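> Residue-level listing of the chains:
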Amino acid sequence: MNVAETLLVFAGIPLAIIAVMALLIFVPGGRRRPRYKSGQPWEHAPIWYEPHPDGPAGHVSHAALEAGNPGHASTGGPLGGARGTW
Amino acid sequence: MTRVFDTEPHDSGTRETSTNVIDEEIHHDHLFSYAQLARLDEALTMSSRETGLRFTLYIGDLGTQTRTRAEEMHSQSGGHIAESVLVAVSPGQRVVEVVTGAAAARRIPDRACALAVLSMTGSFAAGDLVGGIVNGLRQMSDQAGHPSALRHAHA
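Residue numbers (the numbering used here), protein chains in the order written: chain G, 1 to 86; chain Z, 1 to 155.
Chain Z on its own, in the form it takes in the complex (with noise of 0.2 Å):
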């Protein structure tokens, strides 16, 4: 496979335009239910906006080096790079990776993601994906902390 996404070509689009099209009968509720995904939004956008790191997920296929494939996707994840936060679930291979650039590592070390990554594991293997994704978002912001607080004395 050359590409990771594939998306439904529209009734009238070409190969290239495909992807460009804005097709109000797209029903993203097919994998994971609205509350659900708003849920997953809160986590990922609110552990972003108070730690100043990019928090992204991924859940999909991590290929047989799941590591070196979730390291790669990282470098590609937008942003800055080395602040950038990488949650990447392959519930078809019971494999979760976090990956945390060289400035997210400093701040959320690789302990904590291991505690996060222990609490997320426990989670799925209950069936609950998007709740674990959450509560290890949240650990690991948490360990993480305002970036507002590294450069303030205690006030």
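Okay, chain G solo, but in the shape it has when bound (with noise of 0.2 Å):
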């Protein structure tokens, strides 16, 4: 091979090749929303699912509830649970 072909084979196609996978990973516009990183602020709105009422099975929906009035709420007896931090 002559130093053309040579330069082209050896250095031309890693090179496409790179500019490829560069095109590929950074033109796309880039996310909607964004990633959540630990220790940013939260700034979205509360929301609170609840599980999905008894019906057929594999019906993709959420339901958000609404706070309800806190004065005919009662306790559940003694609670338990746990907490964590992060």
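Think of the hints as simulated: they come from the structure by calculation, not from any bench.
Just to be clear, a hint being listed does not mean it is correct.
So, partial list: chain G residues that the calculated Cβ filter (under 8 Å) puts toward chain Z [unchecked claim]:
#, residue
1, Gly29
2, Lys37
3, Ser38
4, Trp42
5, His44
6, Ile47
7, His52
Label-pair ranges, simulated between beta-carbon atoms [stated by the list, open to error]:
#, chain 1, residue 1, chain 2, residue 2, range
8, Z, Arg67, G, Ala45, 17 to 25 Å
9, G, Met21, Z, Gly78, 45 to 53 Å
10, Z, Ser33, G, Thr85, 20 to 28 Å
Note that the coordinates shown come from a computational prediction; the quantities given were computed from them, not determined experimentally.
No residue lacks a Cβ here, since even glycine has one placed at the ideal position from N, Cα and C.
Got two chains here, each in a separate frame; can you build the complex from them with the hints?
Below, the structure is given as structure tokens:
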């Protein structure tokens, strides 16, 4: 092979591969939702999920609860549970 | 704040009707993607169905007294409170509170809750909210077992 061919094969092909990878990685617009990192402030509105009431399995939906009137809330007996921080 | 949840009022809605209006334009995937919402929904629903307990999930601020606030919310979470479990995650404060009602606590002892919380905080510290929640729910529902197992002898 002459010099030009050598250059193309051993330098051009790796560079072309790198260029294609860079295009695929950096050009697509980016995330719509910012990734959560521990320690960042949480700016979203609070949300409360409850289990789907009995219905056909596989139905994708979630329900957000309203905060109830504290006047008629009753305690669930001696409460248990755990807490953790990170 | 007198209300925990804010909804966007519809153009023609009054203050009283704003939360009752169904708006097709509401996109629920501003916080979690639909795939993540599906995972959360499945985890909550399957845990609740398999154990017969009511699991709910709160993600948001818990104020200065996080435990008190979580217990308050647990009492308002609907259904049978004694059989309810609330998982409250506050990513801004980096606190997770698990509250179990009396009947739920008999089936999921505090030690099991602590283990689930430990795995959850590990995932949260790594930035994986949904994965941590799903795994924590699975751990607790595995611990609780099926309600039918409590009534019948091993067959």
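> So does Z:Arg67 sit 17 to 25 Å from G:Ala45, Cβ to Cβ?
At 22 Å between Cβs, range holds.
> Answer holds if the nearest beta-carbon of chain Z is closer than 8 Å to that of G:Gly29; otherwise answer violated.
violated (15 Å)
> Check the following: the C-beta atoms of Z:Ser33 and G:Thr85 are separated by a distance inside 20 to 28 Å.
At 27 Å between Cβs, range holds.
> Does G:His44 meet its interface restraint, that is, does its C-beta lie within less than 8 Å of any C-beta in chain Z?
Holds, because the Cβ-Cβ distance from G:His44 to chain Z comes to roughly 5 Å (cut-off 8 Å).
> Okay, G:Met21 versus Z:Gly78 on CB: inside 45 to 53 Å?
The hint (45 to 53 Å, Cβ to Cβ) holds, given that G:Met21 and Z:Gly78 are roughly 51 Å apart.
> For the restraint on G:Ser38, tell me whether the closest CB of chain Z is nearer than 8 Å.
holds (5 Å)
> Does G:Trp42 meet its interface restraint, that is, does its C-beta lie within less than 8 Å of any C-beta in chain Z?
holds (3 Å)
> For the hint on G:Lys37, just tell me whether its beta-carbon gets within less than 8 Å of chain Z.
holds (5 Å)
> With chain Z as the partner, please determine if G:His52 meets the hint condition of a C-beta pair closer than 8 Å.
This interface hint holds because 4 Å falls under the 8 Å limit.
> With a cut-off of 8 Å, does the beta carbon of G:Ile47 approach a beta carbon of chain Z closely enough for the hint to hold?
Hint holds; G:Ile47 Cβ to chain Z Cβ min 5 Å, cut 8 Å.
Of the hints listed earlier, the one the structure fails to meet is number 1.
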